[in-house]
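Chemist: In case you want the letters, here they are:
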Amino acid sequence: KAGVTQTPRYLIKTRGQQVTLSCSPISGHRSVSWYQQTPGQGLQFLFEYFSETQRNKGNFPGRFSGRQFSNSRSEMNVSTLELGDSALYLCASSLGRRGANTEAFFGQGTRLTVV
Amino acid sequence: LAKTTQPISMDSYEGQEVNITCSHNNIATNDYITWYQQFPSQGPRFIIQGYKTKVTNEVASLFIPADRKSSTLSLPRVSLSDTAVYYCLVGDKGGYSSASKIIFGSGTRLSIRP
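Taken in sequence, the protein lines are chains B and E. The opening residue of the first sequence carries number 1 in the working numbering; numbering runs sequentially from there. The opening residue of the second sequence carries number 116 in the working numbering; numbering runs sequentially from there.
Keep in mind that a hint or two might mislead.
As the list claims (entries may be wrong) - Lysine to any residue pairs mimicking SDA-like chemistry, simulated, CA-CA at most 25 Å apart: (1) E:Lys169 x E:Thr187; (2) E:Lys184 x B:Glu103; (3) E:Lys169 x B:Glu103; (4) B:Lys57 x E:Ser156; (5) B:Lys57 x E:Thr120; (6) B:Lys57 x E:Asn141; (7) B:Lys13 x E:Pro155; (8) B:Lys57 x E:Gln153; (9) E:Lys167 x B:Glu103; (10) B:Lys57 x E:Ile218; (11) B:Lys57 x E:Thr144; (12) E:Lys118 x B:Gln37; (13) E:Lys184 x E:Thr120; (14) E:Lys118 x B:Asn56; (15) B:Lys13 x E:Gln157; (16) E:Lys184 x B:Gly42; (17) E:Lys118 x B:Gly58; (18) E:Lys118 x B:Glu103; (19) E:Lys184 x E:Val133; (20) E:Lys118 x E:Ala181; (21) E:Lys169 x B:Phe105; (22) B:Lys57 x B:Leu95; (23) E:Lys167 x E:Ser138; (24) E:Lys118 x B:Arg55; (25) B:Lys57 x E:Asp146; (26) B:Lys57 x E:Gln157; (27) B:Lys57 x E:Phe219; (28) E:Lys167 x B:Leu95; (29) B:Lys13 x E:Ser156.
Hint data in this document are derived by calculation from the structure and do not stem from the laboratory.
Using the sequences and the hints given, assemble the complete structure.
Modeler: What follows is the structure, encoded as structure tokens:
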């Protein structure tokens, strides 16, 4: 069974540009969550999608957005990149059904560097 | 979501048993306790989850006292490859997902020496 796949693994962008990151969840998983990890702030929740709808949102500016497709694949977009957006972006997938096994499986992440 | 407190770092030696304790004084009735392990530049990996008393799987044990205000992750006979950051999380398993709006604390950086 394939794990969570994130692409690309590494990315270098310039300030002011925008970037799109992709996450393919485990087959059958309908919930996809995104996290930002930096040395200073640790792991911070960005948002969660379930059945193409945003179900939860963390405390990030509107420059951070996401979406989920009918096949549960998800993308997150960051517009007008700032140097502080440099981070490891992690995607996690789970079944997403209330009361079900709620174990979350994380991908290896996308390392974004903004210069 | 209940906040958790863990030691910032711990050191141990190969072959030893390591116990990492997490405090969660404000845990709610519906909350479960989950532990994740993270290696550098990788995503966190689920280790174990429990509600009360003791849970054991092939890699770890989780001890939860009756008041559930703390929990202890026990790693038997650690090896160098157990060097990682360990996160204790508390959340409602009745919710949609253990990844749904999880609040990760700062975790415990465990270093294993030969």
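Chemist: Of all the hints given earlier, name the ones this structure violates by number, lowest first.
Modeler: Hints that this structure does not satisfy do not exist here, as all of them hold.
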